[in-house]
Structures are given as structure tokens and as C-alpha cells.
Amino acid sequence: MTGEHIIGKSMPRREGRDKVTGAARYIDDITLPGMLYGATVRSRVSRGVIKTISFGDQVDWGDFVVVTAKDIPGKNCIALIGDDQPCLADGIVNHPEEPILLLAHADRHLLRKAVEAVLIEYEELPAVLTMEESELGAQVIWGADNVFRTFLIEKGDVDSVWENADYIVEGEYFTGAQEQLYIENNGMIASYDAQQGITVWGSLQCPYYVHKALMTLCNLPAEKVRVVQAETGGAFGGKEDYPSIIAGHATLLSMKSGCPVKIVYDRLEDMTATTKRHPSRTRHRTAVSEDGKILGGEIDFTIDGGAYATLSSVVLSRGVIHSGGPYHWPAVRVRGKAVATNMPPHGAFRGFGAPQSIFAMERHMDRIAQVVGLSPVEIRRRNFLQPGQSTITEQTIREEIDLRKLLDRALELSHYTAKKAEFSRQNASHAVKKGIGIASFLHGAGFTGSGERYLASVVGVEGCADGKVRVLASSTEFGQGTNTVLCQIAAEALHLPYDLVDIAQPDTNQVPNSGPTVASRTAMVVGSLVRSAAIGISQTLVASGMLNRSYTSEQFRSACQRYVAEHGQLRCYARYEAPPGIFWDDQKYRGEAYAAFAWAVYVAQVAVDLSTYTATVEDFVALQEVGRVLHPILAKGQIAGGVAQGIGFALYEKVLWKDGRMQNGQMTNYIMPTSADLPPIRVFFEENGNAHGAYGAKGIGELPMDGPAPAILNAMEDALRTRFDAVPLLPEDIFAALMANAHGGC
Amino acid sequence: MNNARENGACKNVGKREVTLTVNGEPESVLVYSMERLLDVLRNELRLTGTKEGCGEGECGSCAVLMNGKLVNSCLVPALQAAGANVTTIEGIAVGPKLSALQATFLEWGGAQCGICTPGMILASWQLLRQKPRPTLDDIREGLSGNLCRCTGYMQIFEAVMEAAARGSVE
Numbered sequence: 001m002t003g004e005h006i007i008g009k010s011m012p013r014r015e016g017r018d019k020v021t022g023a024a025r026y027i028d029d030i031t032l033p034g035m036l037y038g039a040t041v042r043s044r045v046s047r048g049v050i051k052t053i054s055f056g057d058q059v060d061w062g063d064f065v066v067v068t069a070k071d072i073p074g075k076n077c078i079a080l081i082g083d084d085q086p087c088l089a090d091g092i093v094n095h096p097e098e099p100i101l102l103l104a105h106a107d108r109h110l111l112r113k114a115v116e117a118v119l120i121e122y123e124e125l126p127a128v129l130t131m132e133e134s135e136l137g138a139q140v141i142w143g144a145d146n147v148f149r150t151f152l153i154e155k156g157d158v159d160s161v162w163e164n165a166d167y168i169v170e171g172e173y174f175t176g177a178q179e180q181l182y183i184e185n186n187g188m189i190a191s192y193d194a195q196q197g198i199t200v201w202g203s204l205q206c207p208y209y210v211h212k213a214l215m216t217l218c219n220l221p222a223e224k225v226r227v228v229q230a231e232t233g234g235a236f237g238g239k240e241d242y243p244s245i246i247a248g249h250a251t252l253l254s255m256k257s258g259c260p261v262k263i264v265y266d267r268l269e270d271m272t273a274t275t276k277r278h279p280s281r282t283r284h285r286t287a288v289s290e291d292g293k294i295l296g297g298e299i300d301f302t303i304d305g306g307a308y309a310t311l312s313s314v315v316l317s318r319g320v321i322h323s324g325g326p327y328h329w330p331a332v333r334v335r336g337k338a339v340a341t342n343m344p345p346h347g348a349f350r351g352f353g354a355p356q357s358i359f360a361m362e363r364h365m366d367r368i369a370q371v372v373g374l375s376p377v378e379i380r381r382r383n384f385l386q387p388g389q390s391t392i393t394e395q396t397i398r399e400e401i402d403l404r405k406l407l408d409r410a411l412e413l414s415h416y417t418a419k420k421a422e423f424s425r426q427n428a429s430h431a432v433k434k435g436i437g438i439a440s441f442l443h444g445a446g447f448t449g450s451g452e453r454y455l456a457s458v459v460g461v462e463g464c465a466d467g468k469v470r471v472l473a474s475s476t477e478f479g480q481g482t483n484t485v486l487c488q489i490a491a492e493a494l495h496l497p498y499d500l501v502d503i504a505q506p507d508t509n510q511v512p513n514s515g516p517t518v519a520s521r522t523a524m525v526v527g528s529l530v531r532s533a534a535i536g537i538s539q540t541l542v543a544s545g546m547l548n549r550s551y552t553s554e555q556f557r558s559a560c561q562r563y564v565a566e567h568g569q570l571r572c573y574a575r576y577e578a579p580p581g582i583f584w585d586d587q588k589y590r591g592e593a594y595a596a597f598a599w600a601v602y603v604a605q606v607a608v609d610l611s612t613y614t615a616t617v618e619d620f621v622a623l624q625e626v627g628r629v630l631h632p633i634l635a636k637g638q639i640a641g642g643v644a645q646g647i648g649f650a651l652y653e654k655v656l657w658k659d660g661r662m663q664n665g666q667m668t669n670y671i672m673p674t675s676a677d678l679p680p681i682r683v684f685f686e687e688n689g690n691a692h693g694a695y696g697a698k699g700i701g702e703l704p705m706d707g708p709a710p711a712i713l714n715a716m717e718d719a720l721r722t723r724f725d726a727v728p729l730l731p732e733d734i735f736a737a738l739m740a741n742a743h744g745g746c
Numbered sequence: 001m002n003n004a005r006e007n008g009a010c011k012n013v014g015k016r017e018v019t020l021t022v023n024g025e026p027e028s029v030l031v032y033s034m035e036r037l038l039d040v041l042r043n044e045l046r047l048t049g050t051k052e053g054c055g056e057g058e059c060g061s062c063a064v065l066m067n068g069k070l071v072n073s074c075l076v077p078a079l080q081a082a083g084a085n086v087t088t089i090e091g092i093a094v095g096p097k098l099s100a101l102q103a104t105f106l107e108w109g110g111a112q113c114g115i116c117t118p119g120m121i122l123a124s125w126q127l128l129r130q131k132p133r134p135t136l137d138d139i140r141e142g143l144s145g146n147l148c149r150c151t152g153y154m155q156i157f158e159a160v161m162e163a164a165a166r167g168s169v170e
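From first to last, the protein sequence lines stand for chains X and E.
Each step along the first sequence adds one to the number in the working numbering, with nothing skipped, and position 659 is 659.
Each step along the second sequence adds one to the number in the working numbering, with nothing skipped, and position 91 is 91.
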């Protein structure tokens, strides 16, 4: 046995060598013999009835494969949670860019002209383009009332808190859509064969989501559908649900043509047609005591789901549960609502509803501080959740978390107090105004409530004929380090060197369903299963008499080789079982929402140039408690990357809409931060063991998305003494707010 | 490589021969005049390490060195590359040994999803040739034409600093 620990060390990224040499194969790098290229004809209107479809005679249609909804062998839907989203519009369209018809040709250069030559006439219907229009209900575009889902959380007696309140603080906060902007656009290759069924390779997060969608779409049994993940160039939630649509399209073209078909989007198509972060509106009304204690309050959280239900109900759920932040609410009523509009459906993006409701909570805390006359630091200190107290869903905090200590350390690392005083002195006489702001927050790891129990994920570990070990999981690598961390865990559990452990390419023919790679669940939930399955391998070898309880890696290898030679195969599987004593009520939305929370305090320092109204983040401290850090470099990379996306969400990334269609679907006019735009992102961990995850890990991936936007806007208010309650906040928005303020606003 | 229909009647109509040197090897390809250098590398020469991210010169994923200069190969027409000396990510490692930058990107977390990595390494390569001892601001500025959505750039800066400290780009 190796005496060395692998957990906690920064092992080389498992697939890293291929990435730095350019050898890694992403979907657009793969070409199959006889392959055609596919393209999608999309709706030009936001809502309407399709009257006619005709094919312009400037194109020789003889060489094209054409697919419409009539060619779908199974059910015309993208099976996910509900089945309301068609794979191809049939008669009516509900949003701009909705797929209507598919084309394929051997020469991809001919496709663009052909797409333009398909003429579709519509009878346009009035479209619903904002949450407010949707709520008014003059046009009903979904169900009976345009509402996909509502949630109600009630804790304590909220109605009784108002009369004893010294202050009642109200606020309304907005967040905009945000594009995931993975650098690799979406893409899929499908190959159909009557005997084998359908195989798709693609850029994706969740192989079994695609698998389920294709079974329904094609009316095929599970064994006739195979989904393989190619190397995936970033995802951030953006490749959670949409890949099922592209896989469906490529599959339909392949079934009709008999050839493999590749569909790879260009940037414009990817940005205008695929999902984004849900825009949100949050209203807070909070009863506060004279000494700044929250007595109770009402939170109203609404998100824009776009034209189909897709993932909106679960995004809403996470947003609702995180809406109270890391604070103690003796009484609270939270109403959550996801509404329909005629926009392309919004979807998963890192944080999944939490960045929206946490933005509101953290801006609102600064407002409460102002009203009460306390500092932003003190108001938080007085309201932090303590172990033994319960969250808004009445989940008792059993973790040893000391948020006051975490806050103190973040203040120290950022020199908060000294800087705040210095900026306040200097701002009066400087054209560049500086400010510093904080955000404290929590993020639940894993699926919400009963989610993990329903998923019942399975992981396998295989002892191979060469004596090495291979992890079998559908968990995907898209940059965050899945391959590396799961190999580390298996190696640690088996006391083997890291190099003796590998991980299978996610392929539904080869790996069990370990659930989707979402919700910061991989290291914590899947990691624990990897550990159990790995221990099963050594136990099997010991029980067979081929291996002693204590062994060297050479002894392990030879025992493994011998076992496989004698028995043909050595595999152990582990299935998720909910820990005992976990209670969750799906009806009342009450109980243990998450197996574990990560906790954080972020501090942003901003400078605003009043000659250009440009805001720049000058320093950023990200301090968090995520349980045990399994791999310091990967963990730091997750935080810095998430913070960079959060800075984009706050100050750079604005989707411009017209009639429900994104107008700036290019990297030239939708601006994400470059290396020259970002401050030093200083990442720190407070380590704390936790019984839940593998070797004490909790979730990490989504957490860093939650804090930057509120910390930055709190700093903006500190710099400019002007309230900013919406992100993104671009120079024109800063200018408008300052003008409104100068004219007696605020 | 191409399928039957593309190799049919209209094969090579309007195409021209372009010769260039790629990673030290002379190459001759038959391309449409306005086909992009990116397509020549990826489709004709099967050097798929060069990536397409935006197709309009914003993201830098398709960056290669052409006659010693960093260019976005999606903006270079194939004809303009005639006679040029082009280096792609495949020409950076010599045999099984990684170049210093490739090794430090791997060790310091400079590559996450990997899609921007080839372009980012070539941009860093060019930067270190021009400024063997870059300051942090030199790196921030020098890599600002290459977008990375995963890392927040911090570990890329560290990787470039470390490669510079090791002294040789190669």
C-alpha cells in the first residue's frame, strides 16, 4: 500500500496532456466516413401559426435531406421534466429561433444559403415578452395562467411580525439573462443503423438526459440508444438540457438520410437559440428590530422561464431555498413563481437560481443596514445563522460553521476597514470614486430535497485485466476536474498510486447512470459512491484469498490480473442511499434541503471613473468553507473562474432583447471579461471536515457565482452613494442612475 | 476524407492550389480562394488542435503563429497564407516532451476545459519570445485577445510566470 495520501494534493489533470498538446478530440474535431452536415431552420417570429413552408428555387434541393416534425418516429418532445417542448415546431411557434425544419448536405458550405431559402409564412400572434405581461395574463401562452410552477415556503408566523417591527424595509431587485459563453459551441454527431439503433457523440453534461430524450423521440428501447460524451469545451449548465435537442435533430437527419450527421452551431446560433440564465425579480419586505435583528419577512421571487417549462421549476426551487441567505429568519414567507414568455427557454447556468435570489438578499442586507444605521458588516454579524438554528426551510444547521469568524477573516484579507475609511476620505476630491462591498452567502450541494433519493445514482469501479483500476460513471468532465478528482478518490480508497487509476469515457453502453453532472454534486455525491465501489474491489480481492488486507500496489495489480483471468471480470457498483434521519417534505417545501452547504464571504473593491462611467473591479477576495479541499489547484481554479463569471454578470454581460430575440449574439457585442479586465482574484479556503462527502468534500462549482454581483453592487453604492438594484450594471446604467439621483431620485 | 457527393461533379471547381509550411513541413492544398486558414488547418491538414470559438477574431481560440506573428486563423484567407510559415499547437511540443509552457499550463491549472488552451499557449509563446521576463501587466495585456471562460485567467498568469522563470520558451 502506498503510505502517501492523494486527497488534498494537486495531481496532474487526468486529460490535461491532451489538452495542452491539442490532441484532445472535441466534437467538431471528429469526422465520420460519409458524414453529412446538418443545419436548423428556425422561427423568425416570437409567436405565430405556421401557414406555409416553401423551398426557394435558387437552391438545388435534390441533394438535401429535409426533416420536419412529420418525420419524428416517436413523440415530438424533448423529454426532461415535463414533455411540453417540441423537438420541431409543428404548426405553431412559441419563441424566436424555435427549430422548425432540418436540412443536411454533404457540403457544409451550401447549408447557410439553403437555410435562408426556406420560406416560412406565419400568422403572427401577440407575444408575451416580459414577466409583467405574463403575470397580467392578457395573452395566455402556457397552461391556464402562464405559470410553470409556484413554491411557497412558510416558517413561523410572519403575519405577527409587522406590529412589533421597529423598521420595515422594502426593496425590489432585478437580474438579467446571462449567456454561459463556453468557448466551444454546442455540437453533436448522430449515426443511425437499423440493427444497432442510434449512437450520438457530443458536447454535453448529462449523457442519460440525452439518452432518455432520444428514446422518447425515436420510440426506441434503451439498448438501441447510445450516448457518448466527446471532450467538452466548457458547459457551466449551458450543456445540461439543450444537447438533447441537438442530439434529436442530428438523429432525425441521420435516420432519414442513412448517413452520419454532424450539427455544430456557430457562435451566433449558439447565443441566440440556446439557453441563458433566467432573468429574475425579487421583492423583499422585512421586519427589523431596533438593534438590527431580522424579525421576519416576505420574499417574492419570480423568474422568466421563456416559452417552455424545461428546467425552470428546479431553477426556481433552488432560487427560493437560497433566498433567505445565510441568516436566521424567525419567520418568513417565500413565494416563488416561474412564468412563461415568448422567449427562447432559459435554462441552467452555474448557480441555478441562487445567484439571482442571493443578489437580492445581499443588496437588501445593505439596505437594511442603512435604514437601521448599522454598517454592512454589523448587520450581517447580528443575523448570521448559528449552528443549532434553522434555515428558512427549517433545516437545522448541524455543521460547525462560524460565519462571524469567516467574515472577520475576509475583512482582514481585504483590508476592508482601512480601505473603507480611506475611500470615504478620498472620494470627495477624486474623479475616480472607490468603494468596497461584501456579500455573505451559502450554497447547497447536490440535488434539492428528495432529488438525490429519486436519482439513486450508481457508480462502478472496475479492476482491469492489466491490474489497473477504472472508474465507471456518467459524470462528465468539462473543465471542472471530474476525471481527476474521481480518479484521486478511487486511488485513495484503494491505497494505490494515482497513475494506476483511470476513468472511462462517459458512454451509456459502458457506464452506469451516476446522475447528471450538475448541482455541485460530483465530488460530494458521486465521489462518495466512487469510494464505496473502490473499497468493494479490494474487499472482493481480499475475500477471494488473492490479496492480503495489507498490500503493495504490485500485489494489488497481480491479484487483480489473476482475478480477472479466472473470473472474466471484476466490477463493483455502489448505489446512492439517503443518509438516515434526512427529512424533506416536497409539498410544504420544508426540511433538509441539502446534505451540506458551502459558506462564503466575498469582498469586492471597485473604482468608477466619472468621466467614462466605467466601473472596474480592482481587488477581489473570495473566502469560503467548502469542507475538505480535495485538489487545491482545481478548487482554486473553480473559484477564480466562477468569480470571473460573476464579475461579468455584474458589470459586463448584457443581453439586448428585441421581440424576444437576442440582438447581440456575438462575442464582439456581448462582452465577457478578458484578462485585462479582471482584478487579482484572491482565493482562500477555510477547511472544515464534513461527514457527508467523499473525504469531507462539499460542493464547490456553483458557489463562486453567487457572491460577486452583490458584493460589487454593494461596493458601487459605497463608491457613488447611489442605489443600484439591478445587474448587469453597464456604464450607461451607472450614468442613468446618477442622473436620476441628481434629479431628486433615490 | 470527404464524402462521395462532395467529390462529385463540382469537385475542385473554383479551387486553387496553395503551398505553405506548417510546423516545418511543406504542404500543398486545394482550397476555395476565400477559405480561411483555420479551415485549411482543420479540414485539409487535419490539425484539429486549432479551435474555432467565434469565427470573427474575438476569442483567439484559433490563434496560430504565421511568419512569427500571432494571428487569428479565422480571419486569414487561405490565399494570404500562401508561402507562409505557420506554427500550430501541434508544432509546439517536440516528440513526447512538452514545451515549458505546455508543462506549466498543465501543472498550474492553466487549462480547464481546454478549448482555449492551444490559442492561449501560442499567445503566451509569442509573449515570452517578445518579453522573456514579463510583468503581470504584460501578461494581462498580452493575453487579452484570448478569451477563457473557465479559469478567470489567474492560473494562466501563474503558468506563464512559471514558464518565464524556467527561462526558455521551448
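No lab work stands behind these hints: they were computed from the structure.
We put the beta carbon where it would ideally sit given N, CA and C, even for glycine.
Take the hints with a grain of salt, since some may be wrong.
[To be verified] Derived pair list, reagent style BS3-like, types lysine-lysine, alpha-carbon separation capped at 27 Å: (1) X:K113 with E:K15; (2) X:K293 with X:K405; (3) E:K69 with E:K97; (4) X:K51 with X:K256; (5) X:K224 with X:K212; (6) X:K113 with X:K256; (7) E:K97 with X:K9; (8) X:K468 with E:K97; (9) X:K405 with X:K419.
[Claimed, not checked] Some chain E residues well away from chain X (every beta-carbon gap over 10 Å; in silico): (10) T21; (11) E25; (12) L45; (13) V71; (14) G110; (15) L147.
Do the hints match the structure? See the list:
no.	hint	verdict
1	X:K113 with E:K15	holds (19 Å)
2	X:K293 with X:K405	holds (19 Å)
3	E:K69 with E:K97	holds (24 Å)
4	X:K51 with X:K256	holds (25 Å)
5	X:K224 with X:K212	holds (11 Å)
6	X:K113 with X:K256	holds (21 Å)
7	E:K97 with X:K9	holds (24 Å)
8	X:K468 with E:K97	holds (25 Å)
9	X:K405 with X:K419	holds (20 Å)
10	T21	holds (18 Å)
11	E25	holds (16 Å)
12	L45	holds (13 Å)
13	V71	holds (17 Å)
14	G110	violated (8 Å)
15	L147	violated (6 Å)
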